[in-house]
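So the chains spell out like this:
2 protein chains.
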Amino acid sequence: MPQVLNTRDAGFEAEFTHLLGMKREDSPDVDATVAGIIADVRARGDAAVIALTERFDRLALTPETLAFTPAEIEAHCAQVPEGERVALELAAERIRAYHERQKPEDARWEDASGASLGWRWSAVAAAGLYVPGGLASYPSSVLMNAIPAKVAGVERLVIACPTPGGAVNPLVVLAAKISGVDTIYRIGGAQAIAALAYGTATIAPVDKITGPGNAFVAAAKRRVFGKVGIDMIAGPSEILVIGDGTGDPDWIALDLLSQAEHDQVAQSILITTSQAEAEAVMAAVDRHLAVLERREIAGASWRDYGAVVVCETLEQAAELSNRVAPEHLELCVDDPEALLGAIRHAGAIFLGHWTPEAIGDYVGGPNHVLPTARSARFSSGLSVLDFMKRTTLAKMTPEALRAIGPAAETLAISESLQAHGLSVRARLDKLNG
Amino acid sequence: MPQVLNTRDAGFEAEFTHLLGMKREDSPDVDATVAGIIADVRARGDAAVIALTERFDRLALTPETLAFTPAEIEAHCAQVPEGERVALELAAERIRAYHERQKPEDARWEDASGASLGWRWSAVAAAGLYVPGGLASYPSSVLMNAIPAKVAGVERLVIACPTPGGAVNPLVVLAAKISGVDTIYRIGGAQAIAALAYGTATIAPVDKITGPGNAFVAAAKRRVFGKVGIDMIAGPSEILVIGDGTGDPDWIALDLLSQAEHDQVAQSILITTSQAEAEAVMAAVDRHLAVLERREIAGASWRDYGAVVVCETLEQAAELSNRVAPEHLELCVDDPEALLGAIRHAGAIFLGHWTPEAIGDYVGGPNHVLPTARSARFSSGLSVLDFMKRTTLAKMTPEALRAIGPAAETLAISESLQAHGLSVRARLDKLNG
Numbered sequence: 001m002p003q004v005l006n007t008r009d010a011g012f013e014a015e016f017t018h019l020l021g022m023k024r025e026d027s028p029d030v031d032a033t034v035a036g037i038i039a040d041v042r043a044r045g046d047a048a049v050i051a052l053t054e055r056f057d058r059l060a061l062t063p064e065t066l067a068f069t070p071a072e073i074e075a076h077c078a079q080v081p082e083g084e085r086v087a088l089e090l091a092a093e094r095i096r097a098y099h100e101r102q103k104p105e106d107a108r109w110e111d112a113s114g115a116s117l118g119w120r121w122s123a124v125a126a127a128g129l130y131v132p133g134g135l136a137s138y139p140s141s142v143l144m145n146a147i148p149a150k151v152a153g154v155e156r157l158v159i160a161c162p163t164p165g166g167a168v169n170p171l172v173v174l175a176a177k178i179s180g181v182d183t184i185y186r187i188g189g190a191q192a193i194a195a196l197a198y199g200t201a202t203i204a205p206v207d208k209i210t211g212p213g214n215a216f217v218a219a220a221k222r223r224v225f226g227k228v229g230i231d232m233i234a235g236p237s238e239i240l241v242i243g244d245g246t247g248d249p250d251w252i253a254l255d256l257l258s259q260a261e262h263d264q265v266a267q268s269i270l271i272t273t274s275q276a277e278a279e280a281v282m283a284a285v286d287r288h289l290a291v292l293e294r295r296e297i298a299g300a301s302w303r304d305y306g307a308v309v310v311c312e313t314l315e316q317a318a319e320l321s322n323r324v325a326p327e328h329l330e331l332c333v334d335d336p337e338a339l340l341g342a343i344r345h346a347g348a349i350f351l352g353h354w355t356p357e358a359i360g361d362y363v364g365g366p367n368h369v370l371p372t373a374r375s376a377r378f379s380s381g382l383s384v385l386d387f388m389k390r391t392t393l394a395k396m397t398p399e400a401l402r403a404i405g406p407a408a409e410t411l412a413i414s415e416s417l418q419a420h421g422l423s424v425r426a427r428l429d430k431l432n433g
Numbered sequence: 001m002p003q004v005l006n007t008r009d010a011g012f013e014a015e016f017t018h019l020l021g022m023k024r025e026d027s028p029d030v031d032a033t034v035a036g037i038i039a040d041v042r043a044r045g046d047a048a049v050i051a052l053t054e055r056f057d058r059l060a061l062t063p064e065t066l067a068f069t070p071a072e073i074e075a076h077c078a079q080v081p082e083g084e085r086v087a088l089e090l091a092a093e094r095i096r097a098y099h100e101r102q103k104p105e106d107a108r109w110e111d112a113s114g115a116s117l118g119w120r121w122s123a124v125a126a127a128g129l130y131v132p133g134g135l136a137s138y139p140s141s142v143l144m145n146a147i148p149a150k151v152a153g154v155e156r157l158v159i160a161c162p163t164p165g166g167a168v169n170p171l172v173v174l175a176a177k178i179s180g181v182d183t184i185y186r187i188g189g190a191q192a193i194a195a196l197a198y199g200t201a202t203i204a205p206v207d208k209i210t211g212p213g214n215a216f217v218a219a220a221k222r223r224v225f226g227k228v229g230i231d232m233i234a235g236p237s238e239i240l241v242i243g244d245g246t247g248d249p250d251w252i253a254l255d256l257l258s259q260a261e262h263d264q265v266a267q268s269i270l271i272t273t274s275q276a277e278a279e280a281v282m283a284a285v286d287r288h289l290a291v292l293e294r295r296e297i298a299g300a301s302w303r304d305y306g307a308v309v310v311c312e313t314l315e316q317a318a319e320l321s322n323r324v325a326p327e328h329l330e331l332c333v334d335d336p337e338a339l340l341g342a343i344r345h346a347g348a349i350f351l352g353h354w355t356p357e358a359i360g361d362y363v364g365g366p367n368h369v370l371p372t373a374r375s376a377r378f379s380s381g382l383s384v385l386d387f388m389k390r391t392t393l394a395k396m397t398p399e400a401l402r403a404i405g406p407a408a409e410t411l412a413i414s415e416s417l418q419a420h421g422l423s424v425r426a427r428l429d430k431l432n433g
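Going line by line, the protein sequences match chains Y and F.
Counting from 1, position 239 in the first sequence corresponds to residue 239 in the working numbering; the numbering is continuous, with no gaps.
Counting from 1, position 180 in the second sequence corresponds to residue 180 in the working numbering; the numbering is continuous, with no gaps.
Rather than coming from a laboratory, the hints here were simulated on the basis of the structure.
A virtual CB, placed ideally from N, CA and C, is assigned to each residue, including glycine.
Treat each hint with caution, since some may be false.
Unchecked claim - Examples of chain Y residues toward chain F, derived with CB under 10 Å:
| hint | residue |
| --- | --- |
| 1 | P63 |
| 2 | T65 |
| 3 | L257 |
| 4 | S379 |
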């Protein structure tokens with residue numbers, strides 16, 4: 001049974017606060033192990049990566065076989081059935097079209113003092129995408145990470161994807177090819193992150209590393225942050241559905257379960273103004289859970305972290321949703337546009353009954369790498385901007401310096417930074433002398 | 001003596017690589033101490049903050065005196081001399097004007113399938129700015145952190161600034177007032193970061209924490225990252241000047257020293273095509289170092305980390321600069337616009353002889369919080385975007401779902417995510433049935 005809350009109950013505030021504070025992540029402390037692995041890769045390079053891959057992935061590699069050859073890539077791609085290839089290509093095209101619109105503008109202008117100011121965006125030179133092996137090896141995540149990087153203009157784009165026991169997911173290889181990835185390394189874990197960050201004789205270092213991974217990968221990303229850029233450290237997935245009684249309970253139930261089936265610590269929440277809808281959705285969830293392939297995972301998630309909240313108005317529902325700041329928010333209401341203005345914090349919003357969250361996972365266009373664990377209060381999903389950086393520009397004229405230089409000198413002196421002041425003064429003296 | 005390199009020397013590549021790899025940061029391992037402080041603040045709230053402030057800052061506070069009162073703020077502001085007040089106001093006005101242009105646009109469009117897509121930017125609700133006490137208490141940093149937050153639309157903006165022994169920098173208080181800061185807490189260190197991230201009875205938690213600090217503050221920011229957003233962890237400052245022999249050696253020397261005087265681990269590098277300029281600048285640096293107030297700090301920085309590189313062409317200079325990816329880059333050349341296109345990685349660029357870097361520290365307009373330690377390869381200076389987040393929007397019509405839903409279903413099944421597929425299929429069945 002999920003938690004069932006009603007805003008009219010006396011204990012509601014305490015129960016809702018408890019829901020917000022639920023700690024879903026069980027991150028084992030692997031930091032010491034990861035520190036050792038990173039040190040080993042920095043010291044021994046390829047030899048360390050190969051030894052660790054043999055140990056963790058039961059796969060014997062050489063420097064020559066660290067990366068897939070073009071022929072191997074072609075062979076794996078050829079195994080993908082036509083239907084899945086077409087679907088991946090449609091997804092890639094839609095994701096590319098959406099992200100093309102995110103490309104930021106450069107700017108340059110002259111202000112009243114005559115100074116020329118502005119900024120210029122440029123792509124990071126090289127990026128590495130981590131793709132988990134095994135069960136959580138999702139081709140859609142390859143598209144969602146690689147396409148924004150390519151749209152940004154990243155020149156060298158590589159993937160690290162472990163192939164435990166040599167098992168390869170051909171869809172991942174095809175997704176990489178469709179996205180324009182240059183090289184796929186069959187390595188994983190903290191050793192892959194270390195190799196991407198510091199480089200080895202065979203693997204050139206990158207400037208930015210993105211993509212999901214297990215506790216070892218997450219700890220390694222935290223450790224190499226600063227040496228390279230990283231994306232967010234993603235937590236377990238979550239969805240919040242706001243209903244007004246106009247939705248199909250079956251659809252809402254499946255939407256809730258499509259988060260729950262990811263992970264037993266995923267969280268699915270329904271907030272509805274309709275007691276009848278709450279009850280019908282719960283019944284529908286139970287019905288689907290009886291037959292769902294991943295019913296053990298989804299059932300545990302729904303039982304331990306699921307919640308159904310009955311409230312009185314949609315404004316109240318929006319307020320509660322803002323406190324959750326959900327990764328995915330579905331507005332399963334009659335007039336989603338009217339409700340949109342009341343939503344302040346969410347990673348992605350899906351408007352109306354015809355927009356199941358699963359559309360956003362694959363073919364909607366927006367990115368599916370989104371802020372979890374309430375971090376939508378302060379962060380955004382992955383975008384083209386994550387693979388670019390902005391350089392600010394300033395150019396003074398003698399007149400501009402005459403106008404604003406003295407203020408800089410005054411502030412420099414007030415901060416006891418004499419050379420700062422002198423660097424301005426020397427130029428002003430020339431102008432005045 | 002700084003390192004002196006010439007690209008024509010046989011050992012140049014090794015020497016330059018050594019320069020790039022120099023580790024300037026000596027970050028003591030304070031992580032265990034910081035973990036204890038954060039746990040204490042989470043457990044005991046105000047009582048812990050007050051006890052730690054008494055211990056580290058020799059200052060006895062109560063919950064009532066944690067924050068400055070409006071009357072105290074007025075009294076401190078009244079102490080600021082007229083000249084400095086006017087200079088701060090000019091700086092604030094220019095910084096605000098520059099950052100206003102960074103405000104991002106929302107977007108919403110309909111694609112060929114009939115789906116409505118887009119995104120919406122919104123401000124984080126509350127932000128906390130850390131301002132160091134003592135020597136490195138810079139009013140200019142208050143402006144550079146607070147103004148982008150206000151321009152972004154942050155509703156509640158607070159400062160944490162320790163006042164060791166009760167010593168207050170009136171310019172910091174005035175800068176906070178000019179920037180529109182709501183509350184100034186007289187607390188610092190890891191305890192201030194913990195209080196801002198987790199909240200206490202008196203201090204409401206914030207969503208984002210920015211601003212520089214010592215090793216304890218940096219370690220605390222790393223630890224609370226995820227619970228709240230943080231800006232970068234800044235390292236020691238650096239400047240790179242590219243010269244072509246047309247600059248005034250005195251001006252270049254002062255620009256190099258204005259970084260060196262920040263910190264003995266700051267780094268100042270000159271890359272010039274003119275051997276004569278290299279020699280004249282080194283002589284000018286020595287001349288100024290003899291009399292500079294902060295000559296011990298600046299001298300140590302120049303001796304231990306300074307470098308002068310003589311190369312043959314400006315293209316070569318740009319390439320070397322790109323490998324450094326400096327925080328501050330001055331193009332002290334005859335035609336800086338022509339050189340600009342060759343620069344790929346830099347936090348901020350200052351064009352031409354009339355643009356000393358110190359202008360950018362105070363009154364230029366662009367932010368002075370910039371990526372250090374080669375991180376301009378993958379990150380940007382502080383901006384309005386650091387105080388905003390983007391929510392993606394997607395709305396399907398029945399027709400759009402009919403067009404792209406089957407591809408989503410195919411990919412969901414290929415990833416063994418049955419409920420994802422069913423959530424799309426249930427809607428398609430309704431359309432077809």
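Here is how each hint holds up against the structure:
With a least beta-carbon distance of about 22 Å to chain F, the hint placing P63(Y) at the interface is violated under the 10 Å criterion. With a cut of 10 Å, the hint placing T65(Y) at the interface with chain F is violated, because the nearest CB-to-CB distance is about 27 Å. Of the supplied interface hints, the one on L257(Y) holds, with its beta-carbon coming within about 4 Å of a beta-carbon of chain F, less than 10 Å. Checking S379(Y) against chain F by beta carbon gives a least distance of about 6 Å; that is within 10 Å, so the hint holds.
When the structure is compared with the earlier hints, violations turn up for hints 1, 2 and for no others.
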